[in-house]
Every structure is written in C-alpha cells, then in structure tokens.
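**Q** One letter stands for each residue in the lines below.
Number of protein chains: 2
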Amino acid sequence: MKTSEKTAITALGEFRLIDRLSKIIELKQPSTVKGIGDDAAVIRYKNAETVVSAELFLEGIHFDLTYTPLKHLGYKLVTAGVSDIYAMNATPRQILLSIGLSKRFAVEDIEELYAGVKIACEHYGLDLAGGDTTTSLTGLALHITAIGEAAEGKMTYRSGGKKTDLLCLTGDLGAAYMGLQLLEREKRIFAGNPQKQPQLEGYDYILRRHLKPEARKDIIDMLAQCPIVPTSMIDVSDGLASDVLHLCKQSECGVRIYLERLPIASETFRFADEIHIDAVTAALHGGDDYELLFTAPVTMHDTIQKELPNIDIIGHLCDASEGAYLLTPDNQAIELTAQGWKGI
Amino acid sequence: MKTSEKTAITALGEFRLIDRLSKIIELKQPSTVKGIGDDAAVIRYKNAETVVSAELFLEGIHFDLTYTPLKHLGYKLVTAGVSDIYAMNATPRQILLSIGLSKRFAVEDIEELYAGVKIACEHYGLDLAGGDTTTSLTGLALHITAIGEAAEGKMTYRSGGKKTDLLCLTGDLGAAYMGLQLLEREKRIFAGNPQKQPQLEGYDYILRRHLKPEARKDIIDMLAQCPIVPTSMIDVSDGLASDVLHLCKQSECGVRIYLERLPIASETFRFADEIHIDAVTAALHGGDDYELLFTAPVTMHDTIQKELPNIDIIGHLCDASEGAYLLTPDNQAIELTAQGWKGI
Chain H
1 MKTSEKTAIT ALGEFRLIDR LSKIIELKQP STVKGIGDDA AVIRYKNAET VVSAELFLEG
61 IHFDLTYTPL KHLGYKLVTA GVSDIYAMNA TPRQILLSIG LSKRFAVEDI EELYAGVKIA
121 CEHYGLDLAG GDTTTSLTGL ALHITAIGEA AEGKMTYRSG GKKTDLLCLT GDLGAAYMGL
181 QLLEREKRIF AGNPQKQPQL EGYDYILRRH LKPEARKDII DMLAQCPIVP TSMIDVSDGL
241 ASDVLHLCKQ SECGVRIYLE RLPIASETFR FADEIHIDAV TAALHGGDDY ELLFTAPVTM
301 HDTIQKELPN IDIIGHLCDA SEGAYLLTPD NQAIELTAQG WKGI
Chain A
1 MKTSEKTAIT ALGEFRLIDR LSKIIELKQP STVKGIGDDA AVIRYKNAET VVSAELFLEG
61 IHFDLTYTPL KHLGYKLVTA GVSDIYAMNA TPRQILLSIG LSKRFAVEDI EELYAGVKIA
121 CEHYGLDLAG GDTTTSLTGL ALHITAIGEA AEGKMTYRSG GKKTDLLCLT GDLGAAYMGL
181 QLLEREKRIF AGNPQKQPQL EGYDYILRRH LKPEARKDII DMLAQCPIVP TSMIDVSDGL
241 ASDVLHLCKQ SECGVRIYLE RLPIASETFR FADEIHIDAV TAALHGGDDY ELLFTAPVTM
301 HDTIQKELPN IDIIGHLCDA SEGAYLLTPD NQAIELTAQG WKGI
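In order, the protein sequence lines correspond to chains H and A.
Going by the numbering used here, the first residue of the first sequence is number 1, and it counts up by one from there.
Going by the numbering used here, the first residue of the second sequence is number 1, and it counts up by one from there.
Since the hints were derived computationally from the structure, they do not count as laboratory data.
Predicted model, so just to flag it, every value in this text is computed and none were measured.
Any given hint could turn out to be false.
Note: identical chains are not told apart, hence a pair may lie in one copy or across any two.
In silico DSS-like cross-links for lysine-lysine, where the CA-CA straight-line distance does not exceed 27 Å [stated by the list, open to error]:
1) 28 - 249
2) 23 - 212
3) 28 - 217
4) 154 - 28
5) 71 - 23
6) 46 - 154
7) 118 - 28
8) 212 - 28
9) 217 - 23
10) 217 - 71
11) 118 - 6
12) 103 - 187
13) 46 - 28
14) 196 - 212
15) 162 - 23
16) 103 - 71
17) 6 - 212
18) 103 - 6
19) 217 - 306
20) 23 - 118
Use the sequences and the hints to build the structure in full.
**A** Written out as structure tokens, the structure is:
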C-alpha cells in the first residue's frame, strides 16, 4: 500500500498525524461542546453534558499476555478509559467494552478478563452498558468507551490554563514504565533459560503500577470537597513531557517544571539504577502513569498545600513565548519534547 | 492459554457467550436506562437521554484490503456505527473513531480512510468528536463509537414487540453477502492468474451493498413524518434470522415470516444462481445488510402500505410458545436458527 511517493507515519509523528487528520473534518453539530483535542469529547443534549472517551488496547502494543494476567488487563483497560473522564473533572458512570477474540482464547479466559472489568466497575462505580464482541484473526483487540457526567460548572478542559498558574501533579511518575522494564527483563531471562524462575521480589510497587494502575477517582472527590476547580487538567498517560505539552498547546502557555520536584518513588529509582536507566527520563517519557496534571491560580498555593497533601506543585505556566522547559537544580534549562509512539 | 479443561468459544457460540459475559456484571447506575441486549446503550443524565453504540472492525474479519478501498472502508465503518443508533429510532450526532495502524500504512492511506469518514459524517450529519490513534503490530484495527439522541417518547427498543404485531423490513437482503462472494471469487481468480482482470461488470448493486452500504437515516425521518413509532426495532447486520431472533427474545414473542415476501434484489438472485448459492440462505444469514426490522400494531397495516411504500411487511409476531418459523408458499414451516460468528 505504501509507495515511495507517500509519507511514512514516522516522518510525521503521532501528534502531527492526529493534528492533520482532525483538520479533515470540521465540527458542525451544535451539540458538540468539545471535539478532538482534549481527554474526552463533551456533548450537550438538552441541558445535560455527557463526556465520552475512547481507548484502543492491542496485543503486542499495549500488553504482553506472556506476563499480563487477563484479570489485571481487564482492570487496567477500565482504568485507562475512566482516567480520561476524571481528567475532565467529571465522573464516569458507564463503559462500553469491545473485544476481538482469536481462537486461542477459551470461554474461561474471557471470563477472567471480565472478572477484572467487574472489579474495576465496582471500584469506579460503573455499569458495563454495551459493546461489541467479534472474532480476531490476529491478537486480542480491546476497546473501551467511557461515559460520564460533570457537576454544573465543574468541567475542566486542557485549554483553561493561564500564565502564572501553578502546575500540580498527583502521585508519582515513571513507576509503571519501570515495572514494564522489570517484566520484560524477566521475560528475556526466561526465554534464555526456561528453568529459571522470575525474580520479582521487592518490586511490588512498580509491578502494581504497570499491571494494575488506578485512575485518580479520589482526586476528583478531593477537589470537589476543597472546593478547587482546576483551570485546566489532563491525565498523564503518554508521559509527563508529552502531556504537559498538550496542556500548554491548548492553554496557549509555556511552562517551567522543576526537576527536583518531580515525584519519583524510591522503588522506581532503585530499579532504574539497577538497569542503568535515568529515572527522570522514565518520569518524563515512560507513560501509563494515569496520574492527573492540573493547573490552578497561584492564589490557591496554600490551600493546595494544606488541603491536598498528596499533590505536588511541580512548576508553573508562563507566557507561550518563553517555551516549555525543565529546570535542573543547577539552573540548566532542558527543553521538553514529546516522544509519542515508539512502535510505528 | 487454552487447556483441555477449558470451554472452547465455538462450543458455546457467539450469542450464548455474550449472554454469559453480560451476566457477570449487573447494572447498578440509576443513569443506565438500557444496558447490554439492544442495538445501543441508553444513558440518562438529568433529563436528556443519550444513545451510544460500539462497533469493532478488524482486518481479515470485517474487511479485506485486497479489494476494499480505504475510502469505502471509512464510509462503511460509520454506516455500521450509526445503523445501531437509527435502530433505536434515534438520530446520531457524534462519532469517536479509534484506529490501530501498522507500519505498512502511509499518512496518505489514513487520509483516504478519513476522506470516507468525512463523506459519511456529511451524509449522516455527524461530528467526529474524538477517538484514539495507536500502533498495531498486526492488521488494521478500527473502532467506532456512535452517539445520538432521540426525540421525546420516540426511543424504540428491541423489547416492545407484541404478539400479532406486523413485522416490517426496509430495503432488501442478501445483496451485501453476494457482493462479498463476487469479490472473493475474483480475488481467487487473480491469485491463480495475476494477468486476469477482475470481472465485476453488471454487478454494481451487490458490490455497492458490500463496499458502501447505507444506514437507513431516511426511514427514521419517514417514521417521524407519518408519524409511526414502531413497537420494537433492530438493525439487520448479522443476517435476518439472527436479528429477528434477538427481537423475538427481547419482546418475548414468536414470529412467522413468509418466504415469498422476503425482499431480494434481482442482481442478488442472478449472482446466487451463477455461483449455485441459495439466495434465501444469503438473505437469512448473509449479514452486513444494515436494514431496519421493526414491528408495528396490525392496525397500522394500511398506513404502512400507503405511507411507507418502500417497506415490506414480511410477517408478524405471535405467541412465544409458537416458536420462530419461516413459512414457504407450499406451507412448510422451517425453524429459524441463528448462525452468529463463522470465523472463530
């Protein structure tokens, strides 16, 4: 299909491809409040706003069934779906689950996947309301559509950030990526010597962050209780660097992030050292964190520190002309760049 | 993954698998009006009902890129998505499109797919409001989420049919399946002798029905104008036999369909003869028709015949105890059975 006159997707990159594609079709429906370019679409029928997000999970790209239990995979798929709804400061209520199954799956395997979906539905307060089940000739293909609603005036877009706003982050970064590296290492060792048992002890946290990540339902509740309505918000699923750049682009701002304020768990540091990877690189580009990155007016500084002790203020927005930089303790400024897909 | 103690999916069949899976997770959210078991999920936030459907399209199962132009594929994907919304007597307004791309696709290929999606969006009055774009290690994976709304009191479920209701069908059946058989035949001939040009002349209709099917937007408008609110409705995408059985099950009714009233196009008959396939079998089990099957009270008989000349009354519902049968002109009764997946 590809000829020499055509443009390879790698030449364009993921984000420019999406930009180019989204320009093909312009929005015309009055009921579309927000289209492509945020964590989820926002639709208004009558006076009710509905938030809808989509996530495609493909075998070999998003998961490796060699070491991913199907129950965990079901849970993680739901986490990925609802994380986008929370990133709108909204509450997910329903999911649609579509599955493409190859012959090697038995009914009990699929039930195991559904058992994970069920636990996630109970945890996040969701109904599995529909979907599609079909055959796949190749690997397992999964898709989740998550649907939610926001309280009046609470919907938060990527676009509302103002220069001088504080940049706040939940949880810590890079752990899921390190968990993935650990599992990949043990898979390689096992391939070389099937007698060898995987060495996973002492790495519970990074494994859990990769295999069974949690979306930040708790933060949405906490923000409502404060109350704080963030000026902008995005979920960190592609890596902090990519995601903060999306937020900056939509908010038409630049950003400064302080390297020493990046929250990285000790286990992440420890395993990064063990395999000679820079933990900060994992934090910036690792992905699969499912944390929330949001902005709030600088006047909220004390409230955030007092009321939201689990949230780190990692930097601030600035004028777009000042660009997007990570500042090191010795005052070096490193430009933030998006990596996007690695696979294609 | 599959062991001898596990149950093969083929042993259970598609529909029993979905039944079994859907029982794992019970509905708990007050905002879920309709979950699994209809053409689409229905969700009510505040006083607005939103209809959401999901369709997964996988290479090698739902399409063959040897003979499917990407522009047609984009159009067909949207048709499949919105057909489920029309089957609720609702109007689609937005779609989310998720794409898993392998390396062999160039940017221009994806733009071609989007060009088809764009034409469909204009035709059906839709906004492309979001989705997910990712890498695929194997084939092209596509998913559409279609979102729509129904006018007050107009939502139509599979479950509202009453015994003695008329069974009505739009369009004709089996043509898409015959178009597929024609393309598969020419593909085999080409594989045997690449010098040979495909012989597709004289079969425009069945080819179009397979490559660029239309969802019945026109029928929803016509029903509103009459006005007729069907007692139940489903889209015919898996084949009439499967789909009428879904409707009967949800409506707790039996059915009688008259063989001589099945609408089958002359081109469908002609090609069926040519390749020695029974056209009625194609009509019952072929799939991909994207027509609407609905029921209406018997008192509407004359109105339907007068106001909806393009709709055929092909039979009627009856008591569930009487079963589901196709009646031949010589008064034989053939039990209707669902085929479901063939691929797995």
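**Q** For every hint, state whether the structure bears it out.
**A** Against the structure, the hints come out as follows:
no. : hint      : result
1   : 28 - 249  : within (23 Å within a copy, 39 Å between copies)
2   : 23 - 212  : between (36 Å within a copy, 24 Å between copies)
3   : 28 - 217  : between (33 Å within a copy, 18 Å between copies)
4   : 154 - 28  : both (25 Å within a copy, 24 Å between copies)
5   : 71 - 23   : between (38 Å within a copy, 17 Å between copies)
6   : 46 - 154  : both (18 Å within a copy, 15 Å between copies)
7   : 118 - 28  : between (37 Å within a copy, 12 Å between copies)
8   : 212 - 28  : between (39 Å within a copy, 23 Å between copies)
9   : 217 - 23  : between (33 Å within a copy, 26 Å between copies)
10  : 217 - 71  : within (20 Å within a copy, 40 Å between copies)
11  : 118 - 6   : between (44 Å within a copy, 21 Å between copies)
12  : 103 - 187 : both (24 Å within a copy, 25 Å between copies)
13  : 46 - 28   : both (17 Å within a copy, 24 Å between copies)
14  : 196 - 212 : within (25 Å within a copy, 54 Å between copies)
15  : 162 - 23  : within (26 Å within a copy, 48 Å between copies)
16  : 103 - 71  : within (19 Å within a copy, 30 Å between copies)
17  : 6 - 212   : between (40 Å within a copy, 25 Å between copies)
18  : 103 - 6   : between (36 Å within a copy, 13 Å between copies)
19  : 217 - 306 : within (20 Å within a copy, 55 Å between copies)
20  : 23 - 118  : between (38 Å within a copy, 11 Å between copies)
In this structure, every one of the numbered hints holds.
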